[in-house]
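The lines below spell out each chain.
There are 4 protein chains.
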Amino acid sequence: MIPRYSRPDMVAIWAPENRFRIWFEIEAHACDAQAELGVIPKEAAKAVWERGAWEIERIDEIERETKHDVIAFLTNLAEHVGPEARFVHQGMTSSDVLDTCLAVQLKQAADILLADLDQLLAALKKRALEHKMTMTVGRSHGIHAEPTTFGVKLAGFHAEFARNKARLEAARAEIATCAISGAVGSFAQIDPRVEEHVAAKLGLTPEPVSTQVIPRDRHAMFFGVLGVIASSIERLATEVRHLQRTEVREAEEYFSPGQKGSSAMPHKRNPVLTENLTGLARVVRSAVVPFMENVALWHERDISHSSVERLLAPDATVALDFALARLTSVVDKLVVYPEQMRKNLDSLGGLVNSQRVLLALTQAGLTREDAYAAVQRNAMPAWRGEGDFLTLLKNDPAIKGQVNHAQLDAMFDDAHHVKQVDTIFRRVFGEA
Amino acid sequence: MIPRYSRPDMVAIWAPENRFRIWFEIEAHACDAQAELGVIPKEAAKAVWERGAWEIERIDEIERETKHDVIAFLTNLAEHVGPEARFVHQGMTSSDVLDTCLAVQLKQAADILLADLDQLLAALKKRALEHKMTMTVGRSHGIHAEPTTFGVKLAGFHAEFARNKARLEAARAEIATCAISGAVGSFAQIDPRVEEHVAAKLGLTPEPVSTQVIPRDRHAMFFGVLGVIASSIERLATEVRHLQRTEVREAEEYFSPGQKGSSAMPHKRNPVLTENLTGLARVVRSAVVPFMENVALWHERDISHSSVERLLAPDATVALDFALARLTSVVDKLVVYPEQMRKNLDSLGGLVNSQRVLLALTQAGLTREDAYAAVQRNAMPAWRGEGDFLTLLKNDPAIKGQVNHAQLDAMFDDAHHVKQVDTIFRRVFGEA
Amino acid sequence: MIPRYSRPDMVAIWAPENRFRIWFEIEAHACDAQAELGVIPKEAAKAVWERGAWEIERIDEIERETKHDVIAFLTNLAEHVGPEARFVHQGMTSSDVLDTCLAVQLKQAADILLADLDQLLAALKKRALEHKMTMTVGRSHGIHAEPTTFGVKLAGFHAEFARNKARLEAARAEIATCAISGAVGSFAQIDPRVEEHVAAKLGLTPEPVSTQVIPRDRHAMFFGVLGVIASSIERLATEVRHLQRTEVREAEEYFSPGQKGSSAMPHKRNPVLTENLTGLARVVRSAVVPFMENVALWHERDISHSSVERLLAPDATVALDFALARLTSVVDKLVVYPEQMRKNLDSLGGLVNSQRVLLALTQAGLTREDAYAAVQRNAMPAWRGEGDFLTLLKNDPAIKGQVNHAQLDAMFDDAHHVKQVDTIFRRVFGEA
Amino acid sequence: MIPRYSRPDMVAIWAPENRFRIWFEIEAHACDAQAELGVIPKEAAKAVWERGAWEIERIDEIERETKHDVIAFLTNLAEHVGPEARFVHQGMTSSDVLDTCLAVQLKQAADILLADLDQLLAALKKRALEHKMTMTVGRSHGIHAEPTTFGVKLAGFHAEFARNKARLEAARAEIATCAISGAVGSFAQIDPRVEEHVAAKLGLTPEPVSTQVIPRDRHAMFFGVLGVIASSIERLATEVRHLQRTEVREAEEYFSPGQKGSSAMPHKRNPVLTENLTGLARVVRSAVVPFMENVALWHERDISHSSVERLLAPDATVALDFALARLTSVVDKLVVYPEQMRKNLDSLGGLVNSQRVLLALTQAGLTREDAYAAVQRNAMPAWRGEGDFLTLLKNDPAIKGQVNHAQLDAMFDDAHHVKQVDTIFRRVFGEA
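Residue numbers (my numbering), protein chains in the order written: chain A, 11 to 442; chain B, 11 to 442; chain C, 11 to 442; chain D, 11 to 442.
Treat the hints loosely; a few may be bogus.
Identical copies go unnamed one by one, so any copy, or any two together, can satisfy a pair.
Listed below are the simulated SDA-like cross-link pairs for lysine to any residue, each with C-alpha atoms no more than 20 Å apart in a straight line [as the list claims (entries may be wrong)]:
1. 343 to 74
2. 77 to 335
3. 56 to 373
4. 175 to 186
5. 77 to 345
6. 353 to 257
7. 429 to 352
Quick caveat, the hints were computed from the structure, so don't treat them as lab data. Note that the coordinates shown come from a computational prediction; the quantities given were computed from them, not determined experimentally.
Next up, chain A with everything else stripped away, as it sits in the complex (with noise of 0.2 Å):
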């Protein structure tokens, strides 16, 4: 995490204040329901959340002598609370208080990058529309293949970060869960209703089964459909940089007054966010790997784990973050270039109807293969740019004899190739 590639709300999840006043939250919350059971003094809970404060510097500071941060945490609060925080905590180990706060960290950072996967679709949807019937060619293999449009283009764009969406959902559903089951999950010490307590006023659902921690699994899974949504946001980021490429430019980031490209070459417009975000891809999803070699803890827990998410979860989500946001603008601001698609388009000659060519023939009673190689053998000239399509095939015989010129004119058409574009629509945007 580093202040270029990153925003202030996803930063401050992360911070120490935040962290802090969840873990008070849980400690607050948890001698509520003690209270209520009747292990605590009502008047304890009420000094907690009354008195209850804390200083960074001085839990640091406690830290450097316990080599404890929980510790050092409640140290401090009781130099607070006073002599009722011997009721804090009761039941409780570090990890209860950790690993929940890690939940409802994640949560908080799902919520972001939630929002953002909402801007992100409403700006792939406004421009789709926009550039429902702009004619473009499709590329397989970066050749040149059939006519589509630049909306369908990014419908299909579209259709996968919504699909992200419903996964980082469910994403979030699986790590918002509560552990208050103490020492090695056994509730030994602390009844379930405490962690059912906290659970509810935080928003979390109790973990079934935790064993000091809540389960790895959970964050490998968070993470890893992190790392997913990265390689679609480097998919995109994939398709602008083709488009602005000198020879395609279809397409182009849009470059502000005052910017410049180059230090040496002053006509240099180049695609630097999304190269960016090609980079910041590969970051989010060198985390996946660490968090899965995080699920393996050895008995109920060891504390290998710990430093893998203080590092890769805030440097992740930031990551993410920031990454879903400057996609967003990219789509956004995107500066498309309908005549050059146009031009791009028609620089084969008509090759993209090829197929077309193909099936007539064999609908004609042409086998597929003599089919096949009668329109290769005229598509391949053309191709070297050794004569216009059409005409060859006008002029070869073996086809003259199945279609003739007006259905072979017919067959160079563009409507033909956008008369399902309100179906795909329909599939992705719905009725409208």
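With the hints as your guide, set chains B, C and D onto chain A.
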């Protein structure tokens, strides 16, 4: 995929026989729909079903020339079907066949894996119920913490694998889509109703936007879930490996008559199955990132994903199927030593009750810090084997002032630690 | 490993025939050394060489009972050697055989890969010299930057693969160690001179400290290097894919007669080989992390590494061998279009010379900032196709004041850009 | 990178202060060379050295407009240098500065890591010599195998980290290259002698072919080596974690006065440092794949690598520096319990000598298979605690016929197992 770590049903999914059978069904079902729509003659569709046949060797032979496997298949098919073969594959592109086939194969693979998980869950439940009240020490950081039961350990794994089953069901639903949308996915040459028909026949749902290919975020998610499952396998395998180590020996993999543990040392009985599972988990997990890297195909598609899928889709599913079955067998036949669990549990002379004393002292009026210090100063000599913990506590003046000997004795009672086992089992297995 | 992406020599390294042959040689050479040391009778060693034989099926049969492959091999070997077989494997442990065998296999694999690299380097050099002065546009961010030559591009790849060769040579040396040290590597039952003898015979060096196993950091390094080589393959493959795209078409993979690019679109000629290489790079790279995870074996050894190695060592080396050979063929047969390179280079009307103008203006006295602004304000309209860059520059009053028309004309001369090509070639290929 | 897992010297390498200082030196040295070549006035170069200055805040401010960090730096530098500033960066491109700076930073980072390794090696050597003859049981699969010494264990780690040092030295040499070759690396606007001069001044070698950027296979190799080192750290950390577990307790991390092991259980002393190192190993390793994905930049360069490097180059080097230092401290202060090692070694009643009996029986004339069966049938009851191994052997008629009681007694002698310790130490530490 090597025979050593393979089971035949999963291997069969990836065999050419199954692949070509699915290809044929896709083409034949598409012909039915095309005939129904009047695009091709009904006799043609009938002829495909009736005369459709193929030979793997012949397909390979044709592919050596065309360098295109679907064309090779269609050519071979045409040799059997005859002239009507020209109506096969009308308006379709190879990816319609390949991607829909992969969806079917992954669905089949998921079904096997889901059945594997069911068997593992059954074995875990059986052994969990069997050892519901078998006392054992809970360990954090590999260090004795507090008592729990071996059944609770297994119940936790049951809950984890139940989550994995839910994840795989979701991933199976995600992956089970059908694309019959033609070149660049525009439906220009083929009616969307063909896709709907084929999807219905194969138990798939139509892909909302295919861009010639089914978008690869679906596959990334699928193999991401496999990586999580593999990591859970590693966790359970690691637990068994720990339990079997010489100094612990609370459980052992079943060692069959005639088995040899070492070529050099006849006394050895090693946890080789769970060590093997640890390695297989690494293998399955290694597929996660490549499938994420596959997402960012260029434009409407490139074929970089194909080699990853041809190699790693079989490898990962076969290894995971094998691993789940092996793990089920390990759990099922695990030799458990309750007496040794008891012996280990007692080996620290009751130190595992330190928290109870701590809590009692705070309840009696000590601050948390004073109570902690009082317990710790008696625990440390006991830890070093310099005295019995309970005796030391009874002799500590600061403690004597707060709790009496009878109260201390009562704190060294096992039943306390397992009083919520029923609650935990209810959470995992429901009422029983 | 599947036939589609395999070559026979590398596959043979991992076949049972080769493995058992190496096992036999290790055992037989060890017998020679033991006999020399007087530990076993010389006749026994002689008998092993003379009567030593084995059958794969029989080994498999025995292993099904013993569940231990080395014991199964030794048992089968004993069936052939007779009573003297009891002197085989004296003081050795399975890992002495397995790990030393793996070292030999990886050494053999490295030799094939090094030969592959030599052939690739030869192809790159040949094509680099051929196109040493073939002008083409250099691109940063996919955007035209300044001219270079196609030969310089290839020279850069040559330098990169020469580095890869050096890395692989180092990794080969690292991996080529021999361990014959017994149960926990203590040499308690076997003299270190046996190890020295076997090592010398097999072209290995003795492992300084084996702990029953050869330490796995060596293997992690080896497969790490394979991952780097795969990434370099991806870079060259990506370059070709870009050059072949319809709008660029500066080079194309060789397209053989009879080849078909698409089942639907007869006009297609796709860069499928380099797309395939891109995928194979992901596959090879996926082995890197598992081999790193293999390093942390428990205590003197556990066997979790074994399944990773059985599966991924063949897979990664076979895929890389195939990929290097395919890449060599792509480079060797690459169809290059110098005229199209020239056409693309000229397509921005000399914008690629913007830096030269910038430098001239600063030399003439403008600040860098003013010079940059002057060039950029003329470049942007030219970029948009609204005027010729040189003409615009000539008409800009601020520029006119600093450099005259003749000077500007001279800045649009290609020769300037290639004046150091000789220097670069000398750095890569030496004097010639 | 977070303070918790950071050390100041490594952090300083990645601070803006160091980066801008290096940028300045690159530019200023380049000016010297340019002046020497007569491209710019000597006074200009002098002015740069004399008046060169910059302010981080001002650079940030300018970058917000230009969106280009090198231009922002140059602009700010120009504000200090004055008119001669127009001679700075002549013929250079940003990457010349950025990539050469990164090379310097990675070289600096490597120097710290090499020093870290030296300290770790020193600690390992000291403790290895200290425990050269401390008997302990060697374990394979977590199961007692045969005796070894604790010093031999440590010597093995020393050998492994010595290999890591050699790898890092090679990676440092690879990464330490300088590129001052201008846009697309053609040297069109800058003489190669400038590069040579700057390289010499900064302790780098000229990059043979830079394509505007230094090729990223070098960085992939560098971070690949870091991943291997991290994996070795994980291996040693795992060893300590095992030794400290309650049932083994052969060694312990130093536990400082005032330290608290658990917020709930005052008796706990956990191997938290080595668990932490296990997690940090995962973190460092997670950088390996992204740096490999960075290799395949598009054409002469794209900037997707940049975000990966800005984030993960500091993160991985800082984490590894911290981890190496922490590991050194763990080794240095490790509390070793030789009595407990002895106790564990004896706990199986001499079963660890099973191989010696096996070998003696084969030497006496039994086949390997019969000897194995004879030893195994006596080992298994001893393993289960049903009898003493030596006594059982003495009572087995089949064994009695081959070796007598005195011979059997002699096989249970420890000295036998450590007779080659000197050999092993000589291999690792040389004569002494």
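Open item on the list: Could you work out which of the previously given hints the structure breaks and list their numbers from low to high?
Closed with: Violated hints: none at all, because every hint is consistent with the structure.
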